[in-house]
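Asker: The residues making up each chain are set out below.
Protein chains: 2
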Amino acid sequence: MTVEKRNPISVSSAIERVVNQNIVMTQTTVALHESINHILAEDIVATYDIPRFNKSPYDGFAIRSQDTVGANGDHRIKFNVIDHIGAGSVSEKTVGEFEAVRIMTGASIPEGADAVVMLEQTVESNQSFTLRKPFEANENISLKGEETREGDIVLQKGQQINPGAIAVLATYGYGEVPVFKKPTIAVIATGSELLDVTDNLQAGKIRNSNGPMIVALAQKLDLKVESYKIQQDDLKSSIQAVKEAMSYHDIVITTGGVSVGDFDYLPEIYAAIEAEVLFNKIAMRPGSVTTVAVADGKYLFGLSGNPSACFTGFELYVKPAVQHMMGAKAIYPQVVRATLMEDFKKPNPFTRFIRARATFNGKEMTVVPSGFNKSGAVVAIAHSNAMIMLPGGTRGYKKGYTVNVLLTESQSYEMEWQL
Amino acid sequence: MTVEKRNPISVSSAIERVVNQNIVMTQTTVALHESINHILAEDIVATYDIPRFNKSPYDGFAIRSQDTVGANGDHRIKFNVIDHIGAGSVSEKTVGEFEAVRIMTGASIPEGADAVVMLEQTVESNQSFTLRKPFEANENISLKGEETREGDIVLQKGQQINPGAIAVLATYGYGEVPVFKKPTIAVIATGSELLDVTDNLQAGKIRNSNGPMIVALAQKLDLKVESYKIQQDDLKSSIQAVKEAMSYHDIVITTGGVSVGDFDYLPEIYAAIEAEVLFNKIAMRPGSVTTVAVADGKYLFGLSGNPSACFTGFELYVKPAVQHMMGAKAIYPQVVRATLMEDFKKPNPFTRFIRARATFNGKEMTVVPSGFNKSGAVVAIAHSNAMIMLPGGTRGYKKGYTVNVLLTESQSYEMEWQL
Numbered sequence: 001m002t003v004e005k006r007n008p009i010s011v012s013s014a015i016e017r018v019v020n021q022n023i024v025m026t027q028t029t030v031a032l033h034e035s036i037n038h039i040l041a042e043d044i045v046a047t048y049d050i051p052r053f054n055k056s057p058y059d060g061f062a063i064r065s066q067d068t069v070g071a072n073g074d075h076r077i078k079f080n081v082i083d084h085i086g087a088g089s090v091s092e093k094t095v096g097e098f099e100a101v102r103i104m105t106g107a108s109i110p111e112g113a114d115a116v117v118m119l120e121q122t123v124e125s126n127q128s129f130t131l132r133k134p135f136e137a138n139e140n141i142s143l144k145g146e147e148t149r150e151g152d153i154v155l156q157k158g159q160q161i162n163p164g165a166i167a168v169l170a171t172y173g174y175g176e177v178p179v180f181k182k183p184t185i186a187v188i189a190t191g192s193e194l195l196d197v198t199d200n201l202q203a204g205k206i207r208n209s210n211g212p213m214i215v216a217l218a219q220k221l222d223l224k225v226e227s228y229k230i231q232q233d234d235l236k237s238s239i240q241a242v243k244e245a246m247s248y249h250d251i252v253i254t255t256g257g258v259s260v261g262d263f264d265y266l267p268e269i270y271a272a273i274e275a276e277v278l279f280n281k282i283a284m285r286p287g288s289v290t291t292v293a294v295a296d297g298k299y300l301f302g303l304s305g306n307p308s309a310c311f312t313g314f315e316l317y318v319k320p321a322v323q324h325m326m327g328a329k330a331i332y333p334q335v336v337r338a339t340l341m342e343d344f345k346k347p348n349p350f351t352r353f354i355r356a357r358a359t360f361n362g363k364e365m366t367v368v369p370s371g372f373n374k375s376g377a378v379v380a381i382a383h384s385n386a387m388i389m390l391p392g393g394t395r396g397y398k399k400g401y402t403v404n405v406l407l408t409e410s411q412s413y414e415m416e417w418q419l
Numbered sequence: 001m002t003v004e005k006r007n008p009i010s011v012s013s014a015i016e017r018v019v020n021q022n023i024v025m026t027q028t029t030v031a032l033h034e035s036i037n038h039i040l041a042e043d044i045v046a047t048y049d050i051p052r053f054n055k056s057p058y059d060g061f062a063i064r065s066q067d068t069v070g071a072n073g074d075h076r077i078k079f080n081v082i083d084h085i086g087a088g089s090v091s092e093k094t095v096g097e098f099e100a101v102r103i104m105t106g107a108s109i110p111e112g113a114d115a116v117v118m119l120e121q122t123v124e125s126n127q128s129f130t131l132r133k134p135f136e137a138n139e140n141i142s143l144k145g146e147e148t149r150e151g152d153i154v155l156q157k158g159q160q161i162n163p164g165a166i167a168v169l170a171t172y173g174y175g176e177v178p179v180f181k182k183p184t185i186a187v188i189a190t191g192s193e194l195l196d197v198t199d200n201l202q203a204g205k206i207r208n209s210n211g212p213m214i215v216a217l218a219q220k221l222d223l224k225v226e227s228y229k230i231q232q233d234d235l236k237s238s239i240q241a242v243k244e245a246m247s248y249h250d251i252v253i254t255t256g257g258v259s260v261g262d263f264d265y266l267p268e269i270y271a272a273i274e275a276e277v278l279f280n281k282i283a284m285r286p287g288s289v290t291t292v293a294v295a296d297g298k299y300l301f302g303l304s305g306n307p308s309a310c311f312t313g314f315e316l317y318v319k320p321a322v323q324h325m326m327g328a329k330a331i332y333p334q335v336v337r338a339t340l341m342e343d344f345k346k347p348n349p350f351t352r353f354i355r356a357r358a359t360f361n362g363k364e365m366t367v368v369p370s371g372f373n374k375s376g377a378v379v380a381i382a383h384s385n386a387m388i389m390l391p392g393g394t395r396g397y398k399k400g401y402t403v404n405v406l407l408t409e410s411q412s413y414e415m416e417w418q419l
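First to last, the sequence lines map onto chains A and B.
Be aware that the first sequence starts at 1, since it is given in my numbering, and climbs by one per residue.
Be aware that the second sequence starts at 1, since it is given in my numbering, and climbs by one per residue.
Just to be clear, a hint being listed does not mean it is correct.
To be verified - Subject to a maximum C-alpha distance of 27 Å in a straight line, what follows is the list of computed DSS-like cross-link-like pairs (lysine-lysine):
(1) B:Lys281 - B:Lys243
(2) A:Lys363 - A:Lys224
(3) A:Lys329 - A:Lys182
(4) A:Lys319 - B:Lys243
(5) B:Lys224 - B:Lys157
(6) A:Lys363 - A:Lys281
(7) B:Lys398 - B:Lys363
(8) A:Lys181 - B:Lys220
(9) B:Lys78 - B:Lys93
(10) B:Lys363 - A:Lys398
(11) A:Lys78 - B:Lys182
(12) A:Lys182 - B:Lys182
(13) B:Lys220 - A:Lys329
(14) A:Lys329 - B:Lys363
(15) A:Lys374 - B:Lys144
(16) A:Lys319 - B:Lys220
(17) B:Lys374 - A:Lys133
(18) A:Lys220 - B:Lys220
(19) A:Lys157 - A:Lys78
(20) B:Lys243 - B:Lys220
(21) A:Lys374 - B:Lys133
(22) B:Lys345 - A:Lys363
(23) B:Lys363 - A:Lys345
(24) A:Lys157 - B:Lys220
(25) B:Lys220 - A:Lys224
(26) B:Lys181 - A:Lys224
(27) B:Lys398 - A:Lys5
(28) B:Lys182 - A:Lys220
(29) B:Lys144 - A:Lys363
(30) B:Lys243 - A:Lys224
(31) A:Lys281 - B:Lys133
(32) B:Lys5 - B:Lys346
(33) A:Lys346 - B:Lys144
(34) A:Lys243 - A:Lys319
Keep in mind that the hints were calculated from the coordinates and are not lab data.
Only chain A is shown next, with the shape it has when bound in the complex (with noise of 0.2 Å):
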């Protein structure tokens, strides 16, 4: 068997190839609370304005404001309190000359008034109180339409649905809401070295890693994921394997056999399935020869298996097609600029990724390898939140450079910040 031959190509056009293909889900509708993490798959369009009604921001009392011209400390103006209304309620008196409605937060104003007086400038006594200060036209009113108007679109199609999307949608009456469907993920770990997480360890054996991992970086993208089991090197029960899961899922994920090594059978696997290779070989360490394939509308991701490797291929490459699958705007990785804080001299031709710890240190972001850091090296991994993302063909880096850092988790810190 001879070597094949790879071309590498740039880590940017590789994403762009990805995310290119015309590979997206339907649409469909779901309930409200199971919405979150959802595509929108149309524009929200505001049927009313918000606020639907003028209101008060604050307790207090709803009065004229052309009542309080020449209010001061020695000049106190009486109000006579004529009603009294909760949130939710609407009073049926108009405010007349020198008359307020007593109002809660949220309430509407009343007829006939046009400022609110906070509690806390007042004087009260028996269903009367006095002011100290002139009012304008409006105070304290938070007005018909000043965050939105009917017709505004408040959230759009393509957008992720947050937990403040969840809020808009709940506003305007959405029980159920238009999104693209979720892609669902197989997982197929190969290798004749490897054992189940519970198996007795064996010379030459380890156990799989790579394939819970997976299912956990599925699990952190709110997907559904199914663990097919681990693929002896074996041609042509793997065929088989991939093919089976391809019927029951939209992306498909092998992890192992992507060599060019006798028993790397990922390109026969393709070959069989009749599959469009997008590539086979990045510009990148680690994780050179990870493989992006898409057949019969599906996506098929072959990771190193070397778990460093892998998990760099997940975030560069799954993440973006699972995206782009769900009729996202937003597909790229979420990148911040920081300071390195130890020396990296490893010089490579090819755009380096490592396994970091990004942290703001109270004045700057920071950021530091996450430990020891080759393509097959699993405990950085777990101590990393993002990776250093190291361009090729330069000398390497020094302590105090500033790098691009992609964020692979939003983390809380250890350390508290100050207010």
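Since the structure of chain A is provided, determine the placement of chain B on it from the hints.
Answerer: For chain B alone, kept in the frame of chain A given last:
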């Protein structure tokens, strides 16, 4: 009724009071595939080295480095292949002088060999190959224990289980994982002005958006959450609802009723259940009346009925409480620095939190308010992935200032980044 006087405390003091409560969940074990996002309840100690044996990081040939001395382009050295093993297999042969074992990525290095020649570095013929460069001892070998040694703490008690931690746990055979239980949350929206999401609109009333929003915020934290029916402004039934929620849940969140108006029953509810109020006034906008209390080993959060204030209260106080209860070491919100992209002129004596959109523009982290930002605003929350934090006592902020930004969501970007 007189207006109750409340003394505001700082945001950081408020967070400290919340996380200094002796309210923690008990330990349990969960299946590995259900352990994501839990907090580890014990240190995980390496029961063997990683790698567990000297292994090949490449497909190639295992040889004795001493046999390669003097090799060069004019003097290729020939090796005879005596065995051929895949990953997971162990050769029974011992590699002797000018002998080699063909070996796959991940396979155990055979006896006698101390280097691996990559396939690409050889010219193969029948049962033999030649190479053209000398190899050093341990060249192209992943050495036993180079990543982790037996006895090392590989994951720490108090660490949140992320996909990398799942991989480590799988490696060490943890089918079950020791974790702290997750708290469950009850949500009770209060206010006679509130309608259910699918109710028809009525004069003076609005739909309950805070309840569904909090459910979504809890779902994002992977917590179980139960929505109680909307509570009218009625003391007796409100006390009953809170008591019932406390009997089933570890955290009870109410929205609304936190102010000082005639229908704001929260202080009376807390008195009725003999709760200890940690604070009821914070030097922050929005949400200065956010109240946190504890009773019977449960947390009670009284969040504002204003959506932006409600959201801010959840991010600032509920999230750290959840992390603390679950035994997490990291409990503080994720903060970054970013360049403010528009003026924010409103001065305030209190610390201000502004729903905002943080983005890396290819050069720096930038942030901009995500819309109309009053306390009652709802649409701006949906378009935010962060909150700008502006310390109190300042005159306002100008475009170009660097500000602290609390990241509330890990979100993908619409803008492509180049590599």
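Asker: Take the hints in turn and mark each one as holding or not.
Answerer: So, going through the hints one by one against the coordinates:
Among the hinted pairs, lysine 281 (chain B) with lysine 243 (chain B) is consistent with the structure: their alpha-carbon atoms are about 24 Å apart, no more than 27 Å. Using a Cα cut-off of 27 Å, the hinted pair lysine 363 (chain A) and lysine 224 (chain A) is violated, with the two alpha carbons roughly 40 Å apart. Note on lysine 329 (chain A) and lysine 182 (chain A): the hinted pairing holds, with a Cα-Cα distance of about 15 Å set against a maximum of 27 Å. Distance check on the hinted pair: lysine 319 (chain A) and lysine 243 (chain B) sit about 43 Å apart at the alpha-carbon level, beyond 27 Å; violated.
At most 27 Å may separate the alpha-carbon atoms for a hinted pair to count; lysine 224 (chain B) and lysine 157 (chain B) meet this at roughly 23 Å. Of the supplied pair hints, the one linking lysine 363 (chain A) and lysine 281 (chain A) is violated, its CA atoms being roughly 39 Å apart against a limit of 27 Å. Distance restraint check for lysine 398 (chain B) and lysine 363 (chain B): the Cα-Cα separation of roughly 20 Å lies within the 27 Å cut-off, and the hinted pair is therefore satisfied. Taking the CA atoms of lysine 181 (chain A) and lysine 220 (chain B), the gap is about 18 Å. The hint holds against a cut of 27 Å.
Distance restraint check for lysine 78 (chain B) and lysine 93 (chain B): the Cα-Cα separation of roughly 19 Å lies within the 27 Å cut-off, and the hinted pair is therefore satisfied. At roughly 19 Å between alpha-carbon atoms, lysine 363 (chain B) and lysine 398 (chain A) fall within 27 Å of each other, so this suggested pair holds. As the CA atoms of lysine 78 (chain A) and lysine 182 (chain B) are separated by approximately 55 Å, the hinted pair breaks the 27 Å bound. About 26 Å separates the Cα atoms of lysine 182 (chain A) and lysine 182 (chain B), which keeps this hinted pair within 27 Å; it holds.
Between lysine 220 (chain B) and lysine 329 (chain A) the alpha-carbon distance is near 20 Å, which keeps this suggested pair within the 27 Å criterion. Proposed proximity of lysine 329 (chain A) and lysine 363 (chain B) is supported: the alpha carbons are some 21 Å apart, at most 27 Å. Taken as a hint, the lysine 374 (chain A) and lysine 144 (chain B) pair is honoured in the structure, with Cα atoms around 13 Å apart against an allowance of 27 Å. A distance of roughly 17 Å separates the Cα atoms of lysine 319 (chain A) and lysine 220 (chain B); the hinted pair therefore holds under the 27 Å criterion.
Straight-line distance between C-alpha atoms of lysine 374 (chain B) and lysine 133 (chain A) comes to about 24 Å, which keeps the hinted pair within the 27 Å bound. The straight-line distance between the Cα atoms of lysine 220 (chain A) and lysine 220 (chain B) is roughly 9 Å, inside the 27 Å bound, and the hint therefore holds. Simply put, lysine 157 (chain A) and lysine 78 (chain A) have alpha-carbon atoms about 53 Å apart, too far for the 27 Å limit, and the pair is violated. This hinted pair checks out: lysine 243 (chain B) and lysine 220 (chain B) have alpha carbons roughly 26 Å apart, not beyond 27 Å.
Only pairs whose Cα atoms come within 27 Å are accepted, and lysine 374 (chain A) paired with lysine 133 (chain B) is accepted, the gap being roughly 24 Å. For the proposed pair lysine 345 (chain B) and lysine 363 (chain A), the alpha carbon gap of about 23 Å is at most 27 Å, so the pair holds. Only pairs whose Cα atoms come within 27 Å are accepted, and lysine 363 (chain B) paired with lysine 345 (chain A) is accepted, the gap being roughly 23 Å. At roughly 21 Å between alpha-carbon atoms, lysine 157 (chain A) and lysine 220 (chain B) fall within 27 Å of each other, so this suggested pair holds.
Of the supplied pair hints, the one linking lysine 220 (chain B) and lysine 224 (chain A) holds, its CA atoms being roughly 16 Å apart against a limit of 27 Å. For the hint pairing lysine 181 (chain B) with lysine 224 (chain A), the CA-to-CA distance comes to about 23 Å; that is within 27 Å, so the pair holds. Between lysine 398 (chain B) and lysine 5 (chain A) the alpha-carbon distance is near 55 Å, which puts this suggested pair outside the 27 Å criterion. Between lysine 182 (chain B) and lysine 220 (chain A), the direct Cα distance comes to roughly 16 Å. Compliance with the 27 Å bound is thereby established for this hinted pair.
The straight-line distance between the Cα atoms of lysine 144 (chain B) and lysine 363 (chain A) is roughly 40 Å, outside the 27 Å bound, and the hint therefore fails. In summary, the hint linking lysine 243 (chain B) to lysine 224 (chain A) is not supported, as the alpha carbons are separated by about 36 Å, beyond the 27 Å threshold. A distance of roughly 26 Å separates the Cα atoms of lysine 281 (chain A) and lysine 133 (chain B); the hinted pair therefore holds under the 27 Å criterion. Among the hinted pairs, lysine 5 (chain B) with lysine 346 (chain B) is consistent with the structure: their alpha-carbon atoms are about 25 Å apart, no more than 27 Å.
Under the criterion of a C-alpha separation no larger than 27 Å, the hint pairing lysine 346 (chain A) with lysine 144 (chain B) is consistent with the structure, at around 22 Å. For a cut-off of 27 Å, the pair hint linking lysine 243 (chain A) to lysine 319 (chain A) stands: about 22 Å separates their Cα positions.
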